[in-house]
Amino acid sequence: MKQDVENRLAKEASPYLKQHASNPVDWHPWGEEALRLAREQNKPLLVSIGYSSCHWCHVMEHESFANPDIAALMNRYFVNIKIDREERPDLDEIYMNAVQALTGRGGWPLNVFLTPDLKPFFGGTYFPPDRRYPNMPSWPEIIRSLGELFHTDPERIQNNANELYNHVKTLSFLPEAKQNDWQQAFAAVTKLKEQLLRSFDPVYGGFGTAPKFPHAEDIRFLSGLAQRQNDEAAKNAATFTLEKMAHGGIYDQLAGGFHRYSTDEKWLVPHFEKMLYDNALLLPAYAEAGVLFKNDYFVSICEEIVQYLQSEMCFGSNAFYSAQDADTENEEGKFFVWEKSELLSLLDTSDKLYPVLESYFGFDGEPNFEGKAYVLHVHRSLDVVAQDLGLSLEEARERLQKACELLKQQRDKRERPFTDKKIIAAWNMMMISGLCEAGRLLQKADWVDLAQKAMDFLETNLKQGDALLRISAAALEGAGRSNSKEGFLEDHAYYVQALLDLHLATQDAVYLNKAIAAQKFLDAEFSDAEECGYFFTKANQKDVLVRTRSAFDGATPSALAIAVGNLWRLSSLTGLPAYKTRLERIFSHYAAAMNQSPRAFAKLLQIVELYQNQNEQIIVVGKSSEANWQEMKNILVSVPTRYLNLLMVDLDKPEASWKSWPSLDGKLGVTTCSAFICQDFACQAPITLPKVVAEYLSDR
Numbered sequence: 001m002k003q004d005v006e007n008r009l010a011k012e013a014s015p016y017l018k019q020h021a022s023n024p025v026d027w028h029p030w031g032e033e034a035l036r037l038a039r040e041q042n043k044p045l046l047v048s049i050g051y052s053s054c055h056w057c058h059v060m061e062h063e064s065f066a067n068p069d070i071a072a073l074m075n076r077y078f079v080n081i082k083i084d085r086e087e088r089p090d091l092d093e094i095y096m097n098a099v100q101a102l103t104g105r106g107g108w109p110l111n112v113f114l115t116p117d118l119k120p121f122f123g124g125t126y127f128p129p130d131r132r133y134p135n136m137p138s139w140p141e142i143i144r145s146l147g148e149l150f151h152t153d154p155e156r157i158q159n160n161a162n163e164l165y166n167h168v169k170t171l172s173f174l175p176e177a178k179q180n181d182w183q184q185a186f187a188a189v190t191k192l193k194e195q196l197l198r199s200f201d202p203v204y205g206g207f208g209t210a211p212k213f214p215h216a217e218d219i220r221f222l223s224g225l226a227q228r229q230n231d232e233a234a235k236n237a238a239t240f241t242l243e244k245m246a247h248g249g250i251y252d253q254l255a256g257g258f259h260r261y262s263t264d265e266k267w268l269v270p271h272f273e274k275m276l277y278d279n280a281l282l283l284p285a286y287a288e289a290g291v292l293f294k295n296d297y298f299v300s301i302c303e304e305i306v307q308y309l310q311s312e313m314c315f316g317s318n319a320f321y322s323a324q325d326a327d328t329e330n331e332e333g334k335f336f337v338w339e340k341s342e343l344l345s346l347l348d349t350s351d352k353l354y355p356v357l358e359s360y361f362g363f364d365g366e367p368n369f370e371g372k373a374y375v376l377h378v379h380r381s382l383d384v385v386a387q388d389l390g391l392s393l394e395e396a397r398e399r400l401q402k403a404c405e406l407l408k409q410q411r412d413k414r415e416r417p418f419t420d421k422k423i424i425a426a427w428n429m430m431m432i433s434g435l436c437e438a439g440r441l442l443q444k445a446d447w448v449d450l451a452q453k454a455m456d457f458l459e460t461n462l463k464q465g466d467a468l469l470r471i472s473a474a475a476l477e478g479a480g481r482s483n484s485k486e487g488f489l490e491d492h493a494y495y496v497q498a499l500l501d502l503h504l505a506t507q508d509a510v511y512l513n514k515a516i517a518a519q520k521f522l523d524a525e526f527s528d529a530e531e532c533g534y535f536f537t538k539a540n541q542k543d544v545l546v547r548t549r550s551a552f553d554g555a556t557p558s559a560l561a562i563a564v565g566n567l568w569r570l571s572s573l574t575g576l577p578a579y580k581t582r583l584e585r586i587f588s589h590y591a592a593a594m595n596q597s598p599r600a601f602a603k604l605l606q607i608v609e610l611y612q613n614q615n616e617q618i619i620v621v622g623k624s625s626e627a628n629w630q631e632m633k634n635i636l637v638s639v640p641t642r643y644l645n646l647l648m649v650d651l652d653k654p655e656a657s658w659k660s661w662p663s664l665d666g667k668l669g670v671t672t673c674s675a676f677i678c679q680d681f682a683c684q685a686p687i688t689l690p691k692v693v694a695e696y697l698s699d700r
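Numbering (my numbering), first residue to last: 1 to 700.
Just so you know, the hints here were simulated from the structure itself, not pulled from any lab data. Keep in mind that a hint or two might mislead.
Unchecked claim - Between beta-carbon pairs, the in silico distance windows are:
# : residue 1 : residue 2 : range
1 : Glu530    : Gln409    : 40 to 46 Å
2 : Asp26     : Ser660    : 57 to 63 Å
3 : Leu382    : Ser597    : 38 to 44 Å
4 : Gln100    : Ala578    : 15 to 21 Å
5 : Gly208    : Glu530    : 33 to 39 Å
All C-beta atoms in this analysis are idealised placements derived from N, C-alpha and C, irrespective of residue type, glycine included.
Construct all of the structure, not just a fragment, from the sequences and the given hints.
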């Protein structure tokens, strides 16, 4: 139910907030006005957090926030605030921690109730508008009871608030580490491998049971072990999972790109939203496996992901949108699923294309979505389809391709899912890294070019001095007031990573110099006093209850792990001891936690494993004007190692900083282009012939 008069959220840039602009709820954006009002009126705050492509956020908006009677209750008892979690991940993290402590689970929409001094005293996720589920109160009951309790029993409210506040505050502290305690982290690497292989699903791939998420970092951890330790079990778990995901409904079989997660163990029926970060993380996972394990199918998935990004998720050729919705016309998945009658009207059963399509996608079986429609997934392999239909494999492939083109043309006529066109710094930096790595490994220079253009755009639009803004609203029509703050730890950590990946792919020293400067800013603004970790927010940010630490992996790898990975790479390139000292302190402080809960630290344990086993550096010193330079570069940049420590020093463009780098000690005086193969900076004799470098790499 909509009202004629829009509320305050109509002036906001966030598409998620604008989705609530016509609610009769007296919504405020997070800001001093709302916080002051709660203090002056001694009213509790109702903070509702979500994002534009969140299905259950839409459900609760339709059922409760658009209902005038329910809205009147909310307005009577609370100062109501809407937050886009993609704009304010700092607030989302704080209050998610509180709700998870209270209920044992989390999710979105996240609805949390705060005292005027911002302490949470109750919260949950989705609540229905009436008593429809056992043991779950309705939203109006929650509103009325908490609103009255705040005034009739303030002591109880304050006790709850203090207890939850102390819990959230505790999460930001670290135990004092023992000297060299980081050795425990090495044991956690083995534990993580054992846990992943123990939970591996040998029938459908993935780890654990439904719902299944495409945890790219778990897969890449195993791919790395398969490469460096020749581990067949790790290789099988990684490649089988990648294959099953690409065959499943979680992958868009017509346009490419992965949906958020699978609701079942088979990767069949997804939650249909598409997030930029999932595709940013899965792109290099497929590229790495495609090269390491010589799998052309994985390479084709990479090509389709990039085609999808360029077709649907690019702001020109400059940057990337954040997400696409699961719903159209208030129905989840309506854009993506097919009823058989529609298929038959599009492709007559006598048509030579339909039998291939039917067999390949399993239309000859019962509908797999809500008993009436089909989610496209690979039901039978194409070679089996060809054999069953008496076709050559090439004939079957051509017919399938033509049939899919017809389906896509028909699907494109439907109402399309909403695209959230916010340009988020951290997620764009993830995609830049993904494009650089996939482009480097698969020798797709245009992907690296796309990454460079995106970085140019982001630095032009989001850099303010040394700091980044979190969000650019440049792609949003009629953007309104942006709630973007200076970037958080994840924005800056992923920025450094993206610069390092651009440097690796291009060997342009400009990117490495920027990465060093950006890391210096990150360390100054986000590090704790002991240099053993990082806070999610800067010290000068005053509108948060506590400064949390970013440690556990979630839907994306933790910002801490990304920052530590950057320290390791900078240490391995420059040899400067400060980077290594800091990362070892972090290993030490988180070692016990990693040992206790390895699955929560998959990304950080990748860095630990690399720190243990990949201390090789390849340093090329010479002039870009020399004949051997480009040949050396072509050989080296495509080496299929995730964090290749490659540094090419162009003496045609000397840098003053090189003289202070231990990694280059004694190397700058060469008279011809030379490659130094080093282990912990102990180097072999220089190699001047590119073919000898190639032979060395082929024997690894």
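- Message: If you test the structure against every hint from before, which numbers come out violated?
- Response: 1, 4
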